[in-house]
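Student: Residues per chain are reported as follows:
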Amino acid sequence: MTTENPRRKPVHPQIDEGMVHGLVHGFYARVRDDDEIGPIFNRVIGDNWDAHLAKMCDFWSSVMLMSGRYKGNPMITHMRLKMVRPEHFERWLFLFAQTARDLCTAEIAELFIGRAENIARSLQLGMFFRPNQAAPQGGTRP
Amino acid sequence: MTHVVTEACIRCKYTDCAEVCPADCFYEGENMLVINPRECVDYGVCLVECPVDAVLQESEGGLERWLELNARYARTWPKIIGKKEVPADANRWAGAINKFEFFSAEPGRAA
Chain A
1 MTTENPRRKP VHPQIDEGMV HGLVHGFYAR VRDDDEIGPI FNRVIGDNWD
51 AHLAKMCDFW SSVMLMSGRY KGNPMITHMR LKMVRPEHFE RWLFLFAQTA
101 RDLCTAEIAE LFIGRAENIA RSLQLGMFFR PNQAAPQGGT RP
Chain B
1 MTHVVTEACI RCKYTDCAEV CPADCFYEGE NMLVINPREC VDYGVCLVEC
51 PVDAVLQESE GGLERWLELN ARYARTWPKI IGKKEVPADA NRWAGAINKF
101 EFFSAEPGRA A
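First to last, the protein sequences are chains A and B.
So in the working numbering the end of the first sequence lands on 142, straight run, no missing numbers.
So in the working numbering the end of the second sequence lands on 111, straight run, no missing numbers.
Read the hints as simulated data drawn from the structure, not as lab findings.
Possibly wrong hints are sitting among the right ones.
DSBU-like mimics (lysine-lysine), calculated; alpha carbons at most 35 Å apart, straight line [said to hold, decoys possible]:
id	chain 1	residue 1	chain 2	residue 2
1	A	Lys-55	A	Lys-71
2	B	Lys-84	A	Lys-71
3	B	Lys-99	A	Lys-71
4	B	Lys-79	B	Lys-99
5	A	Lys-82	A	Lys-71
6	A	Lys-9	B	Lys-79
7	A	Lys-82	A	Lys-55
8	B	Lys-84	A	Lys-55
9	B	Lys-84	A	Lys-9
10	B	Lys-84	B	Lys-99
11	B	Lys-79	A	Lys-82
12	B	Lys-83	B	Lys-99
13	A	Lys-9	A	Lys-71
14	B	Lys-83	A	Lys-55
15	A	Lys-71	B	Lys-83
16	A	Lys-9	B	Lys-83
17	B	Lys-79	A	Lys-71
18	B	Lys-99	A	Lys-9
19	A	Lys-55	B	Lys-79
20	A	Lys-9	A	Lys-55
Because the structure is a prediction, the values reported are computed rather than measured.
Please model the complete structure; the sequences and the hints are all you need to start from.
Tutor: Shown next, in the form of structure tokens:
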């Protein structure tokens, strides 16, 4: 838990824990049903979905509400997932944007989507970028 | 991409960023913090949090010098994962410009 800080404010005044919870649960329900990325998540998470959803609520609460509830090293966690390809990030972002726009006002949805896109871009740079290759791994090879 | 700590942090070191960073990627020098670009995943929480707008996003451009400084000292300074006491004269330095002459390469004291 973080200390009191009068300057610390949510990214948007209408975002609250209830909204974060709804978005996280709504989004992962779509992920689990998705033909493309559902199997990856189900294989890695297995029977631990409740714990994963709670962790993702903490994560988004930390990002959007500065709650400081999530601490972890997502770069390492993702780099361990050898089966994940750049197109899976695209599908993830598509489903996330779709869920956010269905559940939130347009303004708030774009705030969530913008954060998700930045984070996805950073994770992909860490996972796929090889300085000695012109294109990220998975791209066209000569 | 990464976030980068810049000149405004020197002698201010409010440390709010280190407290809220979900990835714990801040490192502490004697009078400034830096971000390890290999750990930062662009949450953007620190950028919102910093009272002196010292944290910028790499994509803003023109930050090569600071990016290099962040990467370099993140390798040797100790990790900081929570808020620490703010330097007594931090507010006095908050509005100052051209603070690089005061930059210290010494590591911060462990908690």
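Student: Against the 35 Å threshold, does the CA-CA distance of Lys-84 of chain B and Lys-99 of chain B hold or violate the hint?
Tutor: holds, 21 Å
Student: Within 35 Å, alpha carbon to alpha carbon, are Lys-9 of chain A and Lys-55 of chain A?
Tutor: holds, 21 Å
Student: For the pair supplied as a hint, Lys-79 of chain B and Lys-71 of chain A, is the alpha-carbon distance within the 35 Å limit?
Tutor: holds, 14 Å
Student: Within a Cα-Cα threshold of 35 Å, do Lys-55 of chain A and Lys-79 of chain B meet the stated pairing?
Tutor: Holds, at roughly 23 Å.
Student: Going straight from one Cα to the other, do Lys-99 of chain B and Lys-9 of chain A come out at no more than 35 Å?
Tutor: With Cα atoms ~28 Å apart, Lys-99 of chain B and Lys-9 of chain A stay inside 35 Å; holds.
Student: For the pair we were handed, Lys-83 of chain B and Lys-55 of chain A, check the Cα-Cα distance against 35 Å.
Tutor: holds, 23 Å
Student: Does the structure keep Lys-84 of chain B and Lys-55 of chain A at a Cα separation of 35 Å or less?
Tutor: holds, 26 Å
Student: Does the structure keep Lys-79 of chain B and Lys-82 of chain A at a Cα separation of 35 Å or less?
Tutor: It holds: about 28 Å lies between the C-alpha atoms, which stays within 35 Å.
Student: Under the criterion that the straight-line Cα-Cα distance not exceed 35 Å, is the pair Lys-84 of chain B, Lys-9 of chain A satisfied?
Tutor: holds, 20 Å
Student: Just to be careful, I want the Cα atoms of Lys-82 of chain A and Lys-71 of chain A compared with a cutoff of 35 Å; is the pair within it?
Tutor: It holds: about 23 Å lies between the C-alpha atoms, which stays within 35 Å.
Student: Between Lys-99 of chain B and Lys-71 of chain A, does the CA-CA distance stay at or below 35 Å?
Tutor: holds, 32 Å
Student: Straight-line Cα separation of Lys-9 of chain A and Lys-79 of chain B no greater than 35 Å?
Tutor: holds, 25 Å
Of the hints listed earlier, there is not a single one the structure fails to meet.
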